[in-house]
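J.: Spelled out, the chains give:
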Amino acid sequence: MHVELKNVNKTFGNFQASKDICFGIEKGKLVALLGPSGSGKTTILRMIAGLESADSGEICIDGKEVNNLPPAHRGVGFVFQNYALFRYMNVYDNIAFGLDVKKEPRKKIKERVHELLKLTELEGLEKRFPNELSGGQKQRVAFARAIAPEPELLLLDEPFAAIDAKVRKELRQWLRDMIHKVEITSIFVTHDQDEAVEVADQIIVTNKGRIEQSGTPYEIYKRPKTAFVSEFVGEPVVVRDFERLRGFDKADFDYAIVRPEFVEAFKNDNIHFKDIIPYAQRGVIKDIMFRGNHLELKIDVNGTELITHRSMERRAVTIGEEMNVVIYRIYAIRNKESVLMENSDLTALDPRGKRREKYLYSDGGYFVG
Amino acid sequence: MYSKKSFRKPMIIISTLFVSLMLILPLLSVIVNSLSKGWEFYVKSISTTNVMSAIRLTLFVTLITVGVNTVFGLAAAWLLTRYSFKGKQVLATLIDIPFSISPVIAGLAFIMMFGRMGWAAPIVDAVNSITGWNIKIVFAIPGVVLATIFVTFPFVSREIIPVLNSVGTDEEEAAALMGAGGFKIFKKITFPHIRWALAYGVVLCTARAIGEFGAVNALSKTRGKTFTLPLEIDALYMAGSADSIVEAYAASSVLVIFAVILLIARNVLEYKTNHVNSLLKEKNVKD
Amino acid sequence: MRGYKAKQDRRMMHAGHIIPGFGLTMGITVTMLSLFILIPVASILVYSFSLSLTEFWQIMTSESVKFAFLTSIVCSFVAALINCIFGVILAWTLVRYKFVHRRLIDGLIELPFALPTAVAGITLSKMYSNTGFPGKYLSAIGLDVSYTYLGIITALIFVGIPFVVRTVQPVLEKLDYQYEEAAHVLGAGRLYTFRRVILPELTPALLTGFGLAFARGIGEYGSVIYISGNSAKEHTQVISYVIMQKLNYMDYAGATAVALVMLIVSFIILLSMNIMQMQQSRRTNNV
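Chains as they are written, first to last, in numbering that gives the first Met the number 0: chain G, 0 to 368; chain Z, 0 to 286; chain S, 0 to 286.
One thing to keep in mind: the hints can contain errors.
In silico BS3-like links for lysine-lysine, alpha-carbon gap of 30 angstroms or less [said to hold, decoys possible]: (1) S/LYS135 x Z/LYS36; (2) G/LYS102 x Z/LYS186; (3) Z/LYS87 x S/LYS173; (4) G/LYS297 x G/LYS165; (5) G/LYS106 x Z/LYS87; (6) G/LYS117 x Z/LYS87; (7) G/LYS249 x G/LYS335; (8) G/LYS18 x G/LYS224; (9) G/LYS106 x Z/LYS187; (10) Z/LYS183 x G/LYS107; (11) G/LYS126 x Z/LYS224; (12) G/LYS168 x Z/LYS280; (13) S/LYS65 x S/LYS173; (14) Z/LYS187 x G/LYS207; (15) G/LYS109 x Z/LYS36; (16) S/LYS135 x Z/LYS280.
Everything labelled a hint here was simulated from the structure, so no lab data went into it.
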């Protein structure tokens, strides 16, 4: 493991910011620390950087314990949330700062800075001051400054928080490509699940100072292990008495999480769904919200309100209209653990002895008739 | 629409009257009185040995005071804005003590410390007998310097602290993370942010140091030797003769000129600070 | 060697201070603060504790001390109150109206900080005596200013005005016009709007300005002693003057006792100012 945290704890006064944090990161991976604000993700990042000290436990970078090493000796590059560009230095001097501090020869600094200006497409802007840059340019300068001294590890604190929503999407892709290009192990902190899913190779979900789950974006999305993760990721609807939903048995579970994509609503005469009509429940459309590229339907199914998305290409629906509703699967929660529960009607054998698997959530997307 | 017009005129008139009567008139009055016996008398009265010695001492004391306060102000502002530690609030309050204390008490404090019955007097005597020096503090120039430092103590730090607070610690943390040492961080990153505030603090400190009267009055008794300009003015004024009162005004006019220069410097610095702020303000650059 | 370095690093890490310079700035700050402020002030306290209670009581209840305290407190209070009124008018005029000599008035507000107090004192006393302008005309209508309470108050208005203007001004600048417009749309008259909408917003700043001017007034020496007459009989001695007199007569016991009470008074002013501000901000935060 390139970076490893073992049983790390940290308290601020009465507030325990980190509890028994353990995880490892392989060399070259791009990892997201994902969680709501106050979940302790930034504390973890700052402890790795050496901006905070751990109360107990071990932090290792490249096999060496670095707990007592000051930040500058850890071989870490840090991109601050608001970039913390030096306001009285131009772009060139900002990028050169880390090399200058290391007393590198002037010629080498110049070469390295120009290499980075080229890499980050900032050529021609080296004389500008930070207040003369756009949000995206600032982020690129911050990135170039952080990697200029060729650190082992790059840490980014909410790297997209200070950028307009519109530019943010482009920058995500840019940052991902750039990090993979320079092949540097990176950890970034975010509270935005889309960001984490889109950018990271690996996601570590934090909550209340603990790590809830660690895995690929795919695993986090599809197989949430805890109640927290299943509720934090996606667009969850909490359903208390889910035995009202056909095909599910509540047994000793506490409640369930139903995502919009788990819910299929179709009209009686839709031939695509004729095989599963026998297993459908009646639902009444309570509300229709226009979400730009799709509709969001609020449907009352046997006294339970569910949400589903409907493509704009499908036939129009109206409020009060009765629909057939099939729920493919849910996340059933017991003791804060999340279990994926398939619709038992669909998984059961059909009269011909075949499983109705084609309706299941096969990897790669869900059924849209 | 509701107009603000009807209050405008009376408000401006009241303000103008107040400022004229309370601020401009005293300035003019000093100048007029100082010249009431003619230009030659004026020149003669500000070139007496006593006045010249007082001007020299005032400048000397001011120079030392500004130096000491700059060092302290920078250190204290850095300490109070860059770190969190126990007792920080108490420390900040203690630094402000001179603001709330009568300058006369400042003078008294040094008398009680170094005066004939002060507890530190034996220490000074011991130092003198060992080294063969003849340091005197009370009723001598060191006392005048100490008293002036006391009353101006928080001036520089108080101007820098708000600026450092609003700048935040991000830039310095980033620099420290990259391995920059304290002096490099200060020189390259912190100082550019605070230079105008520092200059402003120095101006305020200078003004107060030049003009300090109460604290110095308690600690200085020898005219022509340990008298600063305000003390000399007091001595001339208290002599009471028609001539000496005009001489007092003449000496005062020197301080008025200083005051006006400092006031202009203050306004220029204020303009500079605003100007820098607007320069640093985000320009709306599109991605 | 390595062990030492690691230990040093760990200490730094535990303090959580990323930015270097904590030890240095802490050292400078605490050392200088102690040498120049804390130890001298403590010397007064230590000496005053050596007085017996009866001695202390005798000093405090002597005619001159009792009335000087009363004079200082009452005059400072009245002057600070007047400054609040004119301070708000000035700040309002400077913030809300654009007129030709606005810059001039704005630039002159700090004159009392820049002009040495002794100079201000002798000029004001001349201006408001029955031979000066406007004193001539005031005494013609039976209003003697110099050498009376009115003189003391006038001098204290002079030294206190910048405190109020400069604390109120920034608050007014930030105050959104929308508040007034909202009140106006709801049908409130202008004075009513001022009293119910604007004044509450200004109150914390006004209290601070009042407190600063009041505290400064109680300790004021240079600008007051020339205009105040300093007559024990007419109770026109201020408390700083009494301390200075005691110092001149080598009555150190008396001087320290009075100084101790003044220290306590200024501490109470600062404390109550802080408490009022805290309550005020709590109230506005809860709304």
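J.: Keeping to a limit of 30 angstroms between CA atoms, is the pair of G/LYS102 and Z/LYS186 held or broken?
T.: 16 angstroms, holds
J.: Are the Cα atoms of Z/LYS187 and G/LYS207 separated by 30 angstroms or less?
T.: 39 angstroms, violated
J.: Hinted pair, alpha-carbon criterion (30 angstroms max): G/LYS117, Z/LYS87. Please report holds or violated.
T.: With a Cα-Cα distance of about 46 angstroms, the restraint between G/LYS117 and Z/LYS87 is violated, given a limit of 30 angstroms.
J.: Does Z/LYS224 lie within 30 angstroms of G/LYS126 when you go C-alpha to C-alpha?
T.: Status violated; Cα separation ~56 angstroms.
J.: Checking one constraint from the list: CA of Z/LYS183 to CA of G/LYS107, max 30 angstroms. Satisfied?
T.: Holds: Z/LYS183 and G/LYS107 sit about 21 angstroms apart, inside 30 angstroms.
J.: When you check the alpha-carbon spacing of G/LYS106 and Z/LYS187, does it fall within 30 angstroms?
T.: 21 angstroms, holds
J.: Take a quick look at whether G/LYS109 and Z/LYS36 sit within 30 angstroms of each other, Cα to Cα.
T.: 70 angstroms, violated
J.: Starting from S/LYS65, check that the Cα of S/LYS173 is at most 30 angstroms away, please.
T.: Measuring from Cα to Cα gives roughly 44 angstroms; hence the hint is violated.
J.: Below or equal to 30 angstroms on CA atoms is what counts here, so check G/LYS18 against G/LYS224.
T.: 19 angstroms, holds
J.: Under the criterion that the straight-line Cα-Cα distance not exceed 30 angstroms, is the pair G/LYS168, Z/LYS280 satisfied?
T.: Since the Cα atoms of G/LYS168 and Z/LYS280 sit roughly 26 angstroms apart, the hinted pair holds (cutoff 30 angstroms).
J.: Next pair to validate is S/LYS135 with Z/LYS36; report whether the Cα-Cα distance is within 30 angstroms.
T.: 21 angstroms, holds
J.: With the threshold set at 30 angstroms, check whether the alpha-carbon distance from Z/LYS87 to S/LYS173 stays at or below it.
T.: Holds, at about 29 angstroms.
In this structure, the earlier hints numbered 5, 6, 11, 13, 14, 15 and 16 are contradicted, and the remaining ones agree with it.
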